[in-house]
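Visitor: Here are the chains, one letter per residue:
2 protein chains.
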Amino acid sequence: MVDLQLIHQLLTPADTKIVLLVLDGLGGLPIRAGGPTELEAASTPNMDRLVSEGMAGLHQPVGLGIAPGSGPGHIGLFGYDTIRYQIGRGVLEALGVGFDLQAADLAARGNFCTIDSAGRITDRRAGRIATEKAAALCAELREIELPGVEAFVEPVREHRFLFVLRGAELAEGIPDTDPGHVGSPPLAVRAERPEAERTAELVGRFVAEAREALEGHEPANMVLLRGFARRPDWPLFPEVFGLRSVAVAQYPMYRGVGKLVGMATREAGASLDELFSTVEQVWDDYEFAFMHVKGTDKAGEDGDFDLKVAIIEEVDSHIPRLVELGPAVILVTGDHSTPAALRSHSWHPVPFLLWSPSARRDAVQQFGERWCLAGGGGLCRSEDLMPLALAHAGRLAKFGA
Amino acid sequence: MVDLQLIHQLLTPADTKIVLLVLDGLGGLPIRAGGPTELEAASTPNMDRLVSEGMAGLHQPVGLGIAPGSGPGHIGLFGYDTIRYQIGRGVLEALGVGFDLQAADLAARGNFCTIDSAGRITDRRAGRIATEKAAALCAELREIELPGVEAFVEPVREHRFLFVLRGAELAEGIPDTDPGHVGSPPLAVRAERPEAERTAELVGRFVAEAREALEGHEPANMVLLRGFARRPDWPLFPEVFGLRSVAVAQYPMYRGVGKLVGMATREAGASLDELFSTVEQVWDDYEFAFMHVKGTDKAGEDGDFDLKVAIIEEVDSHIPRLVELGPAVILVTGDHSTPAALRSHSWHPVPFLLWSPSARRDAVQQFGERWCLAGGGGLCRSEDLMPLALAHAGRLAKFGA
Chain R
1 MVDLQLIHQL
11 LTPADTKIVL
21 LVLDGLGGLP
31 IRAGGPTELE
41 AASTPNMDRL
51 VSEGMAGLHQ
61 PVGLGIAPGS
71 GPGHIGLFGY
81 DTIRYQIGRG
91 VLEALGVGFD
101 LQAADLAARG
111 NFCTIDSAGR
121 ITDRRAGRIA
131 TEKAAALCAE
141 LREIELPGVE
151 AFVEPVREHR
161 FLFVLRGAEL
171 AEGIPDTDPG
181 HVGSPPLAVR
191 AERPEAERTA
201 ELVGRFVAEA
211 REALEGHEPA
221 NMVLLRGFAR
231 RPDWPLFPEV
241 FGLRSVAVAQ
251 YPMYRGVGKL
261 VGMATREAGA
271 SLDELFSTVE
281 QVWDDYEFAF
291 MHVKGTDKAG
301 EDGDFDLKVA
311 IIEEVDSHIP
321 RLVELGPAVI
331 LVTGDHSTPA
341 ALRSHSWHPV
351 PFLLWSPSAR
361 RDAVQQFGER
371 WCLAGGGGLC
381 RSEDLMPLAL
391 AHAGRLAKFG
401 A
Chain C
1 MVDLQLIHQL
11 LTPADTKIVL
21 LVLDGLGGLP
31 IRAGGPTELE
41 AASTPNMDRL
51 VSEGMAGLHQ
61 PVGLGIAPGS
71 GPGHIGLFGY
81 DTIRYQIGRG
91 VLEALGVGFD
101 LQAADLAARG
111 NFCTIDSAGR
121 ITDRRAGRIA
131 TEKAAALCAE
141 LREIELPGVE
151 AFVEPVREHR
161 FLFVLRGAEL
171 AEGIPDTDPG
181 HVGSPPLAVR
191 AERPEAERTA
201 ELVGRFVAEA
211 REALEGHEPA
221 NMVLLRGFAR
231 RPDWPLFPEV
241 FGLRSVAVAQ
251 YPMYRGVGKL
261 VGMATREAGA
271 SLDELFSTVE
281 QVWDDYEFAF
291 MHVKGTDKAG
301 EDGDFDLKVA
311 IIEEVDSHIP
321 RLVELGPAVI
331 LVTGDHSTPA
341 ALRSHSWHPV
351 PFLLWSPSAR
361 RDAVQQFGER
371 WCLAGGGGLC
381 RSEDLMPLAL
391 AHAGRLAKFG
401 A
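Going down the list, the protein sequences come from chains R and C. This note's numbering puts the first residue of the first sequence at 1, with every later residue one more than the last. This note's numbering puts the first residue of the second sequence at 1, with every later residue one more than the last.
One or more of the hints may lead you astray.
Pairs involving identical chains hold if they fit within one copy or between any two copies, as the list cannot separate such chains.
List of simulated lysine-lysine pairs, BS3-like, C-alpha gap at most 27 Å [what the hints assert, rightly or not]:
hint, residue 1, residue 2
1, LYS133, LYS17
2, LYS17, LYS259
3, LYS298, LYS17
4, LYS133, LYS398
5, LYS298, LYS398
6, LYS133, LYS259
7, LYS398, LYS17
It should be emphasised that the hints constitute simulated quantities derived from the structure, not laboratory data.
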């Protein structure tokens with residue numbers, strides 16, 4: 001199978017640039033039988049022009065029937081095998097709040113929860129306490145001192161927080177303390193393997209002191225920790241693909257995923273205009289720009305078909321600005337589907353368009369799921385898109401003589 | 001995944017024959033926006049009839065975005081995994097000149113080059129000296145005597161030659177002596193692993209004596225060697241697929257690739273008429289005939305759209321002769337795309353037609369990239385075509401009970 005190493009070996013220098021524009025959760029479904037999807041309903045004259053001149057297709061994240069989270073959705077688009085390269089939950093939580101995770105850090109996702117006088121969990125989410133209340137409790141937990149390591153406790157939203165230990169010789173191999181149901185006490189902190197014993201001791205001490213500190217703060221009188229993970233040590237995108245790369249995104253999570261694979265990052269401001277402006281500003285310094293639009297996914301999660309259509313149309317209106325920059329390849333797609341009809345990420349294949357002077361035109365004239373089905377890209381894996389983009393940018397040499 | 005072993009296990013005897021007609025570099029691109037590809041532009045009434053009665057599709061060599069060389073292009077069509085079964089460069093060079101490589105031989109690709117008085121390379125291709133001049137120098141190098149082994153030095157074209165050592169216990173594991181750039185001396189011959197040490201000593205001695213022999217023959221006063229490889233020990237095509245098989249080709253390279261996987265070979269003469277005549281002559285002796293047409297690739301490499309169209313049309317005119325032979329399956333395709341617009345092998349999927357009485361007809365009425373997109377074969381891997389052909393020839397039993 002084609003893998004990162006093979007692609008790396010085939011790299012050949014070229015003075016060309018690639019834009020990957022991700023509309024999060026782009027793929028959709030009709031809300032009435034026989035109706036259009038969000039993308040099909042949207043009026044997208046600029047993307048339609050690109051798809052007419054280029055090629056279309058659908059890509060399948062992870063595998064048929066698998067709805068990916070934000071992590072694997074993007075990791076796949078970046079060309080990495082999503083089963084082999086998995087981001088731990090703790091690390092994703094850190095990326096989501098823009099925490100600057102260091103190589104030696106150990107991160108976990110935390111929940112405030114409620115326990116009764118016998119220590120049994122009665123609410124795993126502490127009544128979804130207000131974010132401000134959780135922030136105050138996080139500040140208290142930050143006071144806990146542990147020998148030889150630093151503890152970070154960062155509020156996320158409602159009952160959720162990020163827990164990070166920083167110090168020498170911290171190890172993965174700590175199982176979740178969240179039993180996943182009410183009625184029993186939190187699971188004791190333990191080490192799954194010998195090298196994690198010291199880490200388990202430190203985490204255990206934190207949990208014990210947190211319980212003391214939170215006493216009387218019902219409903220948030222205890223913590224649950226899960227997804228202990230360190231920042232992965234993966235091949236870096238700019239090195240693997242030979243591209244000076246930047247991630248431009250409005251949300252920390254997506255800059256974070258880019259940063260995790262070695263991309264430079266730029267914050268983009270709240271509006272789409274600012275997103276595209278930021279790319280214009282950094283264009284000269286990079287060969288690969290990953291742009292992330294969050295609104296489409298959010299509208300899908302909220303079940304707001306019309307808003308998702310409106311955001312797609314607004315993105316479309318900025319497309320000529322990308323063309324103006326003169327890239328060799330423009331790739332427009334999503335990291336997964338988030339149909340408003342389902343109000344969640346889904347497993348449905350994701351439409352893509354690849355514009356390039358070397359694209360073999362297909363018959364597709366409009367950007368949308370049903371039309372992309374007839375596209376020259378067929379139904380491919382998300383991981384196939386990066387090699388395809390590199391080829392169309394003249395950056396891959398022949399394989400074998 | 002379906003592999004050679006699985007297919008082999010499913011074989012069932014049948015008195016049927018398969019023809020694989022490869023138009024090298026068949027896939028193409030338009031030379032004006034919205035125009036036809038070479039194949040679409042060609043008038044191909046006979047192939048159109050076959051595709052109308054049979055099925056169409058596109059196959060992807062190696063992986064999306066990957067432009068294959070002739071080796072992997074054909075190895076994939078023969079049903080082998082192109083990443084797992086890679087042909088060393090030295091071996092390909094031997095196939096290209098029709099050298100009869102033995103199992104114990106070690107082959108490398110050689111270049112005459114120019115070095116200055118300090119031994120630094122000033123031209124890696126010795127000014128692309130004339131083939132005749134290189135042939136004379138090869139004859140001199142053939143005089144070099146090495147203890148216990150025989151050395152072959154065969155001219156290829158211009159500065160390129162084939163270097164083969166024949167003898168007992170020769171090992172792979174000799175890195176290239178070509179540093180890949182001018183300004184530094186050729187790399188010393190060394191062994192990458194202990195078992196290659198004697199081989200490295202012999203090659204080192206050859207290089208030292210070659211340098212002496214070439215002294216004063218500027219610009220060809222030194223040699224560079226790369227791609228040391230032995231003939232691979234692979235499962236053989238006739239055994240794996242249970243088919244008495246013959247490779248009929250005008251160029252030694254393609255008979256060579258067939259021979260490498262155990263096919264009998266027949267030289268075909270220069271004209272297409274001779275190619276088809278040769279197949280007619282050997283038809284009774286074989287169950288699988290691989291026919292290779294070189295002209296399409298050559299025209300593509302030369303950027304000659306019209307010539308490629310003309311060759312496709314000429315091939316088409318001979319198609320009734322294949323039908324006349326009464327095969328169970330006729331498969332017409334290319335080993336990769338060579339669009340005249342790009343003047344090189346490319347990564348674009350390759351159109352194919354499979355004619356057989358058991359083909360499930362699709363709506364495709366004409367043989368061409370855009371029409372094949374709608375074909376019943378979809379966008380498949382090159383490796384998938386052999387099992388498909390075997391099935392349509394009634395040569396594969398049911399998998400599982």
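Visitor: If a hint holds in the structure, say so; if it does not, say that too.
Guide: Hints versus structure:
1. LYS133 to LYS17: Classified as neither: same-chain Cα gap 46 Å, cross-chain 44 Å, threshold 27 Å.
2. LYS17 to LYS259: Answer is within: at 19 Å inside a copy they meet the 27 Å cutoff, but 43 Å across does not.
3. LYS298 to LYS17: Neither way: LYS298 and LYS17 sit 29 Å apart in one copy and 30 Å across, limit 27 Å.
4. LYS133 to LYS398: Cα proximity of LYS133 and LYS398: none, with 59 Å in one copy and 30 Å across.
5. LYS298 to LYS398: between (41 Å within a copy, 16 Å between copies)
6. LYS133 to LYS259: Classified as neither; 30 Å inside a copy, 56 Å across copies.
7. LYS398 to LYS17: For LYS398 and LYS17, only the intra-copy Cα distance (20 Å) is at most 27 Å; the inter-copy one is 33 Å.
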